[in-house]
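Student: The chain contents come next:
There are 2 protein chains.
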Amino acid sequence: MTPFSVRSPRVVAARKLQRRRARDQAGLFLVEGPQAVREAGGHVVELFGTAEALEAHRDVVRAAGTAPRYTVTDAALESLAETVRPQGLVAVCRALDVTVKEALARRPRLAAVLCEIRDPGNAGTVLRTADAAGAGAVVFAGDAVDPYNGKAVRASAGSLFHVDVVRDPDPLAVVSAFRDTGYTVLAADGYGPVALPDAPLAGPTVWLFGSEAHGLPPELGSAADHRVRVPLYGRAESLNLAAAAAVCLYASATEQRSRREVL
Amino acid sequence: MTPFSVRSPRVVAARKLQRRRARDQAGLFLVEGPQAVREAGGHVVELFGTAEALEAHRDVVRAAGTAPRYTVTDAALESLAETVRPQGLVAVCRALDVTVKEALARRPRLAAVLCEIRDPGNAGTVLRTADAAGAGAVVFAGDAVDPYNGKAVRASAGSLFHVDVVRDPDPLAVVSAFRDTGYTVLAADGYGPVALPDAPLAGPTVWLFGSEAHGLPPELGSAADHRVRVPLYGRAESLNLAAAAAVCLYASATEQRSRREVL
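Going down the list, the sequences are from chains P and B. Read in full-length UniProt numbering, the first sequence has 211 at position 211, and its numbers run on one by one without any break. Read in full-length UniProt numbering, the second sequence has 149 at position 149, and its numbers run on one by one without any break.
Just so you know, the hints here were simulated from the structure itself, not pulled from any lab data. If a hint is listed, it holds; no wrong ones were tucked in.
Given that identical chains are not distinguished, each listed pair holds provided it fits within a single copy or across any two copies.
Straight-line alpha carbon distances no greater than 25 Å define the calculated DMTMM-like cross-link-like pairs of lysine to aspartate or glutamate that follow:
| no. | residue 1 | residue 2 |
| --- | --- | --- |
| 1 | 151 | 119 |
| 2 | 151 | 237 |
| 3 | 16 | 82 |
| 4 | 151 | 82 |
| 5 | 151 | 212 |
| 6 | 151 | 97 |
| 7 | 16 | 168 |
| 8 | 101 | 146 |
| 9 | 151 | 24 |
| 10 | 101 | 225 |
| 11 | 151 | 78 |
| 12 | 16 | 146 |
Using the sequences and the hints, build the whole thing.
Tutor: This is the structure in structure tokens:
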């Protein structure tokens with residue numbers, strides 16, 4: 001069979017998913033590269049690959065299950081990919097976000113809310129770090145970046161498929177839902193009155209993170225139980241978002257585990 | 001006086017510093033934006049600004065001391081800057097790195113060695129995080145990115161001027177120098193046998209970080225007292241470099257401080 005070209009209708013349709021509006025309408029998004037496609041597994045609904053890549057990554061093709069697979073030309077593959085080296089595979093995946101209620105029903109010990117974070121690289125990195133720290137849910141709240149944005153997907157390094165991802169336009173409603181379920185709500189805030197080593201970290205905790213440019217909206221700081229700062233021991237004026245989130249989330253993870261061992 | 005244009009010899013000479021070779025030859029580098037120029041302070045040897053910016057940021061001009069300042073056209077300023085919004089100021093600064101010996105003479109309790117890290121954004125971010133965690137020295141070791149690369153300078157957010165920055169082509173010699181001075185040498189390694197919470201963190205410590213792409217060269221892992229992994233509590237396969245460095249450096253900072261309070 002002739003490989004699909006850049007202008008084949010299926011390729012054209014998939015390529016449209018590079019735009020947010022098309023993703024939202026279809027409830028679909030793109031992932032690229034063998035590693036990410038392997039992680040996507042059962043979420044794959046269509047797999048595009050060069051003949052060479054489909055042959056080289058049979059395990060990945062198997063992980064995509066019964067999803068139809070299409071052999072495409074190098075040019076068609078490149079047109080679907082957003083990176084310089086897509087390594088021959090791009091998959092269309094089903095959106096996998098759940099509601100806050102669904103995420104809370106699984107009672108994660110640790111969760112993170114990204115409030116109005118616009119930078120896809122930052123958002124994806126924090127998602128990856130939250131997963132590493134054992135968080136069970138990550139909420140993209142307010143006017144935040146689309147978690148299915150190509151750059152966010154790549155920065156998440158597969159973690160998009162590991163944790164419950166929630167999209168919710170109303171950060172305050174998200175905070176209320178966590179609070180009503182018994183969570184300690186901690187707002188990461190460089191100027192917060194509580195230093196991280198003094199924060200109550202042992203119980204079920206949700207962290208709120210704002211954008212590096214604008215910080216956390218004041219009403220969200222007020223809605224938290226504590227506004228917590230990562231101490232600055234040197235002369236840096238602040239930490240970047242990804243570093244601050246890593247320090248906060250790992251402080252929680254470590255404390256939660258040391259307490260559980262004692263109990 | 002007419003503002004200097006894009007082709008004025010001083011502007012041309014300064015603009016050459018966007019290239020590493022010119023920086024190395026001259027022992028000079030560029031910083032841009034009022035915040036960074038303020039931090040640079042006494043390291044500034046020439047200050048370029050639009051008439052508007054020089055007027056608006058008089059405190060920054062003062063911080064640059066006796067360094068000559070030149071009014072330039074908008075186009076000349078843009079040609080010197082690497083960002084889209086340089087905010088009207090670019091300074092030529094004197095290289096400020098010191099030798100390992102000089103850095104060790106100040107006995108920092110905490111230090112970081114970036115081994116063969118090529119990505120300027122990553123390197124600058126780790127420098128900023130190390131400063132925030134109270135590290136006194138950061139070594140760019142081996143075939144690492146130039147700390148005076150524009151993107152590294154910007155990612156460091158001023159921390160380049162806060163800590164002792166060392167450039168050394170020989171990472172093993174750097175490790176030996178720290179070890180001979182009594183430091184615990186910890187290699188950050190996702191597959192290390194020691195989990196971070198079990199690592200000895202209380203004493204004077206130097207952390208070794210490798211690139212995200214290639215990790216730490218094996219001979220450096222072997223040269224360390226311990227190879228330490230940040231535990232992965234969820235399903236993420238790894239942390240990115242900046243997040244791992246933040247978690248490791250803050251674990252040290254926190255432990256060193258809690259011990260000192262006890263003693």
